[in-house]
Amino acid sequence: MAVRLVRRLALLALIWWIISGAATAWAWGLPVILVTALVIPSSGAARIRPLALLAFLPLTLWLALRGGMQVATLACTPHLDPAIRVIDHHWRHLPEGPGRLFMASLINLLPGTLTLRLTPDRLTVHVLQMDANTRPGLDRLEARIARLFAQDADLEKKEPR
Amino acid sequence: MTEWIAGLGPWLIAAGTLFFFAGSLGLIRFPDLYARLHALTKVDNLGLGLICLGLACQASGLAAALKYLLVWGLVLIASSISATLIASTAMACGLRPHQHRPAMRTGTTKESHP
Numbered sequence: 481m482a483v484r485l486v487r488r489l490a491l492l493a494l495i496w497w498i499i500s501g502a503a504t505a506w507a508w509g510l511p512v513i514l515v516t517a518l519v520i521p522s523s524g525a526a527r528i529r530p531l532a533l534l535a536f537l538p539l540t541l542w543l544a545l546r547g548g549m550q551v552a553t554l555a556c557t558p559h560l561d562p563a564i565r566v567i568d569h570h571w572r573h574l575p576e577g578p579g580r581l582f583m584a585s586l587i588n589l590l591p592g593t594l595t596l597r598l599t600p601d602r603l604t605v606h607v608l609q610m611d612a613n614t615r616p617g618l619d620r621l622e623a624r625i626a627r628l629f630a631q632d633a634d635l636e637k638k639e640p641r
Numbered sequence: 005m006t007e008w009i010a011g012l013g014p015w016l017i018a019a020g021t022l023f024f025f026a027g028s029l030g031l032i033r034f035p036d037l038y039a040r041l042h043a044l045t046k047v048d049n050l051g052l053g054l055i056c057l058g059l060a061c062q063a064s065g066l067a068a069a070l071k072y073l074l075v076w077g078l079v080l081i082a083s084s085i086s087a088t089l090i091a092s093t094a095m096a097c098g099l100r101p102h103q104h105r106p107a108m109r110t111g112t113t114k115e116s117h118p
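Line by line, the protein sequences are chains L and R. Counting from 1, position 134 in the first sequence corresponds to residue 614 in our numbering; the numbering is continuous, with no gaps. Counting from 1, position 51 in the second sequence corresponds to residue 55 in our numbering; the numbering is continuous, with no gaps.
Misleading hints may appear alongside valid ones.
[Claimed, not checked] Examples of chain L residues toward chain R, derived with CB under 10 angstroms:
hint, residue
1, Ala552
2, Ile564
3, Leu598
[As the list claims (entries may be wrong)] Which stretches of chain R does chain L cover? Using the computed rule of at least three CB atoms under 8 angstroms from a CB of chain L, they are:
hint, stretch
4, 10 to 16
5, 24 to 33
6, 45 to 58
7, 62 to 69
8, 97 to 104
These are calculated hints, taken from the structure and not from any lab test. No experiment lies behind these values; they were computed from the predicted model shown. We put the beta carbon where it would ideally sit given N, CA and C, even for glycine.
Working from the sequences, and respecting the hints, build out all of it.
Here it is as C-alpha cells:
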C-alpha cells in the first residue's frame, strides 16, 4: 500500500513537472498531487510490474511502428485487396481482469489488428492483413502481457518448482 | 549533440506528415468502417508520434520535450479505446465487416461470422 502510494506520488509529481514546465508552480502542485494521490481509485494499471513495463515498451513501440508502416503501405497500394478476416482469439494465459482490457486496447495499435468484441472466453479481432503469423503473434502477445501483469496463476505455476 | 538532435526534428516532422497523408488515403480507400479504423489507429498515431518526437527534438527544455511525448501517450490511449468502442458499437448495430472472399486465398483459418 505504502509502495503503491509512493509510486503514485512520484508519477503524479513527474506529470505535474511536465505539465507546469517550471519550478515556480510547486506551491500549487504539491497540495494537488497529495490530494490526487489519496483520492484517485486504484486501477488495474497499478498491478503492472514497473521493470517488466520498461522491457515491454520497446517491443510495443517497434510493433506500433511496424503496424503503422504496414497499414500505410497497404493504403498506398494501387490495387487494394486486403486479406480482411474476423477471427476469434481464445484466452489462454490471461485471467479475467485488467490484463485483458490492456491487451484489447493494445492490439488496436499493433500490426493489422483491431478489437471488435471482448467477452469472457474470447477476443473477437478484426485482422486487416491475415497471414500465417497473425494467430501465433496474438498468442505471444497474450503470454507477454500475462508476464507483465504478474498474474497470480503464473506465480502459482512457478512456486512448486 | 543538441544541434544534431534539433536538426533531426524537421526530418521526423516530415516523415510524420507522410504517415498522416497515407492514413488519410487509407481512410478514403479502405472498404468499410473497421478497415478505416485501422488507418486511424495505426498510421495516424505513428504520424503523430513522429511529429511529437520531431517537436520534442526542437523543444527548449526537457520538460517541454516530455510534454510533447505526454500528448502522444494520451492520444494513443484515447484513440485505442475509442477505436474499440466504435467497432464494438458498429458490431452491435449489425454492421458486418467486409471480408476477403475465402475462395481467393488458400490456407484459410477458422473464422467467425458475426
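Cross-check of the supplied hints:
1. Ala552: 4 angstroms, holds
2. Ile564: 5 angstroms, holds
3. Leu598: Since chain R brings a Cβ to about 8 angstroms from L:Leu598, closer than 10 angstroms, the hint holds.
4. 10 to 16: Answer violated; 0 residues pass the 8 angstroms Cβ test.
5. 24 to 33: holds (count 5)
6. 45 to 58: holds (count 7)
7. 62 to 69: With 3 residues close enough to chain L, the hint holds.
8. 97 to 104: Satisfied; 4 residues make the cut.
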